[in-house]
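**Student:** All residue numbers for the sequence shown refer to the working numbering, where the first residue is 1 and numbers rise by one.
Everything labelled a hint here was simulated from the structure, so no lab data went into it. Don't take each hint at face value.
Cβ-Cβ distance ranges computed for the label pairs, FRET-style [claimed, not checked]:
1. 108 - 46: 26 to 32 Å
2. 2 - 67: 32 to 38 Å
3. 16 - 99: 31 to 37 Å
4. 1 - 101: 26 to 32 Å
5. 7 - 61: 27 to 33 Å
6. 52 - 89: 20 to 26 Å
7. 73 - 99: 35 to 41 Å
8. 6 - 44: 29 to 35 Å
9. 69 - 99: 24 to 30 Å
Virtual Cβ for every residue (Gly too), placed ideally from N, Cα, C.
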Amino acid sequence: MTRYLLSRVMGMLVVMALVAVIVFVLTRAASGDPIAVLLGDQATAEDIASAQKLYGLDKPLPVQFGYWLKELSQGNLGQSIFLQRPVTQALWERAEPTTLLALLSVFI
């Protein structure tokens, strides 16, 4: 029984690690250059470098991943570059209508 539980826990940890890596890579690859989108076409090289330093995008990807994982484990989903507010706040704003729709769909 202990061996079975240990194998299940190890499998869960591997899956969680893979999901974390995939989510991190996809969010970095899919969004293109968020700084260019944020600052627009008129941004100077100094503006871009300053924004990259502010958001930690000037660091190597493994360092960014470590920081992202640490913050994620503490429940901090970060600051939305596009919305200019915490991601957690944006999610909570949408949670009430989403929950209401889900509950209504159960009764229909």
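**Student:** If a hint holds in the structure, say so; if it doesn't, say that too.
**Tutor:** For each hint, the structure was consulted:
For the pair residue 108 and residue 46, the beta carbons lie near 56 Å from each other, so the given range of 26 to 32 Å is not met. Separated by about 36 Å at the C-beta atoms, residue 2 and residue 67 satisfy the suggested range of 32 to 38 Å. At about 25 Å, the beta-carbon gap between residue 16 and residue 99 misses the expected band of 31 to 37 Å. For the pair residue 1 and residue 101, the beta carbons lie near 42 Å from each other, so the given range of 26 to 32 Å is not met.
Distance hint check for residue 7 and residue 61: the Cβ-Cβ separation is about 31 Å, which falls inside the suggested range of 27 to 33 Å. Checking the proposed 20 to 26 Å range against residue 52 and residue 89 shows it holds: the Cβ atoms sit about 24 Å from each other. Range check, residue 73 to residue 99: Cβ separation about 25 Å, and the 35 to 41 Å hint is violated. A C-beta distance of roughly 56 Å is found between residue 6 and residue 44, which places it outside the suggested range of 29 to 35 Å.
Residue 69 and residue 99 have their C-beta atoms about 28 Å apart, which keeps the hinted 24 to 30 Å range intact.
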